[in-house]
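Visitor: Listed below are the residues making up each chain.
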Amino acid sequence: MRPPILPISPRPSQYGIDPSLVKTRVCELPGMTSVTLRELFPDLPPVIFPSDEGISAVRRYTEQALSNIDMSKIKPEHKVNILSSHHGFTLLGGEPYAEMLRTIRDVIEEKTGCSNIRLRAGVGLRFRETEEYIRRYKLDEHFEGKARGVAPVDEGIPIETEIGTLYGIKRIYDADWIVHAHNSDVREVHFHRMVDRAVKPFGMSYARIETRSTYHQNLGPRAANFIARAIFDSPFVQDKFAFSCFLTVVPHGILGVDADSDLYSLNSRITEIGCRYYGKMMTLFGEIDKCVAALDFPCPVVYVFSAGVIYANFVGANTDLFDLEMPLPAYTWYTEAFYGRKGVPLLPEIPLLNPAVKMCVHNYAWTGYPSAFFSEHIPTVVVGQAQANLFNRDPQNLNYMQHAVISENAEAAMDFARKASGTDNVLIFDGAPGGINLSKPLADFLLEKAPAVNRRVEEELMPKWLRQRGVEVKTIA
Amino acid sequence: MKLVTLKPVVDIEKCKGCKTCVKVCPVLAMSMEEKLAVANLELCRGCGDCEQRCPEYAITMVVREEPVMAKVEMEGLDYQEIINLCRKARFHPEQVVCYCTATRADEVAAAIMRGAKTPDEISYMTGIRTGCKVECIQPILRILEAAGIEPKPSPGGWQWYGRTITAWEIPEEVKKKYANRGFYFDEDIDLLNRVINAPLQGKE
Chain U
1 MRPPILPISP RPSQYGIDPS LVKTRVCELP GMTSVTLREL FPDLPPVIFP SDEGISAVRR
61 YTEQALSNID MSKIKPEHKV NILSSHHGFT LLGGEPYAEM LRTIRDVIEE KTGCSNIRLR
121 AGVGLRFRET EEYIRRYKLD EHFEGKARGV APVDEGIPIE TEIGTLYGIK RIYDADWIVH
181 AHNSDVREVH FHRMVDRAVK PFGMSYARIE TRSTYHQNLG PRAANFIARA IFDSPFVQDK
241 FAFSCFLTVV PHGILGVDAD SDLYSLNSRI TEIGCRYYGK MMTLFGEIDK CVAALDFPCP
301 VVYVFSAGVI YANFVGANTD LFDLEMPLPA YTWYTEAFYG RKGVPLLPEI PLLNPAVKMC
361 VHNYAWTGYP SAFFSEHIPT VVVGQAQANL FNRDPQNLNY MQHAVISENA EAAMDFARKA
421 SGTDNVLIFD GAPGGINLSK PLADFLLEKA PAVNRRVEEE LMPKWLRQRG VEVKTIA
Chain W
1 MKLVTLKPVV DIEKCKGCKT CVKVCPVLAM SMEEKLAVAN LELCRGCGDC EQRCPEYAIT
61 MVVREEPVMA KVEMEGLDYQ EIINLCRKAR FHPEQVVCYC TATRADEVAA AIMRGAKTPD
121 EISYMTGIRT GCKVECIQPI LRILEAAGIE PKPSPGGWQW YGRTITAWEI PEEVKKKYAN
181 RGFYFDEDID LLNRVINAPL QGKE
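Going down the list, the protein sequences come from chains U and W.
Per my numbering, residue 1 is the first one in the first sequence, and the count goes up by one each step.
Per my numbering, residue 1 is the first one in the second sequence, and the count goes up by one each step.
Don't take each hint at face value.
[Unchecked claim] With a straight-line Cα cutoff of 30 Å, these simulated DSBU-like cross-link-like pairs (lysine-lysine) come out: (1) K88/W - K342/U; (2) K138/U - K14/W; (3) K88/W - K170/U; (4) K176/W - K240/U; (5) K138/U - K19/W; (6) K79/U - K7/W; (7) K7/W - K175/W; (8) K75/U - K111/U.
To be clear, the hints were calculated from the coordinates, so they are not data collected in a lab.
This structure is a prediction, so every number in the text was calculated from the model and none was measured.
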């Protein structure tokens, strides 16, 4: 049996328990093994990180991508805001994204003579999260004291769009030029449905609460991400937009760095990459008929991931999240909203959560995202009283522990989950780079199913997914 | 409905009187006294916005000695009126409009029928918008508007700025322009309409 892959380590954060309290990682338990993603899908392309070149590859590829960008409109006396988001710092330990941000700054200064370059780091629902990353990766030093986290409750600025007034965070736009520095990891497919993925931060981490509430409450599950396009296309934003620079991410690592002054061109490229590689992983996970999901990663419950697939998408893997003909994934906030007082959906056609997830063992995951819906509908065992206490103090999760039970340690929790669920299939969401940590029976199952999934995605699903999004079918080299 | 278990404690040695906490508090519980932040614990709903945005890290959230329940009772109200108000605002009465507190549209409507006229009063009465503080301002503003109430933002505050567009208001030319880009406007409207008119599962 292949040994498990070393997972991402617990991180000190106000949103998680002290890393010293994470006594055992689930992958360390007896019977756990790993598969590499290349074993599952041998046609996966080579990546620049992880690689023998280390983090310097990210700098080299960022410099190369930016060499083709015309920055002549940025003058030495101007102010530039490099816009970033929390999620990039959760990818492969965070250093690749941090290094891309540092490199963008250095290249802009070198090419334009402008040195008033500020880092603005947006967040999801954990308002201090990027402050923690700025300290962790010493970005404030690199940006000469001009790096700061911004939150959706900070002072806003109205933005006139073709669908009326929306609201951005004032500090995002308080410069002559903005540079959109993001990544192509698909993450919340249940929300953006891989429509305008590259544009999403303009309606989310760069946006005020009014805009984000519009996205999640006013428009509907497949129209929501239009908010991002409306803001990005506004004259206000277009007048400030300089260019975009993205880490191109695939489930097994960093594929490269892409930069473009035309965000929609970049969007088409990452849409194809996202549908192809993440689509295969999600479709493969959708084949799983029963398992215990083990959460073991330094981020909120929904965002822990395995092979690039977040837990929030695994609980919806009984539906094709990329298929826009399907209105509602089994999990999205619209779906959650449409559960009535009896705890069942208001309409019979609303899909229930993935029945393959028999139990969830929450060994290590953060607060800072409303997660009670999961523990209410999936039997959940939380490891350790300290973690339970932390959730009970989180204003977003006051009901989470009402539905979960506590186990003293990971061994007992997993033992209980396997006995109670009657399955030895264990899928671990610990961000293992390049592979999946899991139990042997599930490894065998996935290896058997992968070739057929590969063919189905390439031949049947990819053409449909891209056609639905108006993206021309090509092959990314 | 929310059980309020936390309260803020201000470290007056660290507070520099910047008023950020006053500007972000969704229930207007923070004020300044002698240029220092002060929390009104009767109003506070324990959301931690002040603690999360204080640039001086001068505020800590601690456990209350006695938790407080924020909840609007339906008893004594005409539930048909609540249904009508929710549906006028294009919500199913049992639709969850706050994912952190699981507050449903009917409780927001009930708060309005019991006299709430602003988002901060609704948050105080129901606990809505005191979890993540991000996702539920639009339902509040829509239900207020359906009740004929047009609240004004708190002067100088950053609590909220205004109601924005809904699915039903997207201009036809915008729908046509982006019809081939993966936005399913009319199909989503159809889904939302079916949800709004779905049968009730049972009122409390």
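Visitor: Where does the structure disagree with the numbered hints, that is, which hint numbers, in rising order?
Guide: Hints 3, 6 and 7 not satisfied by this model.
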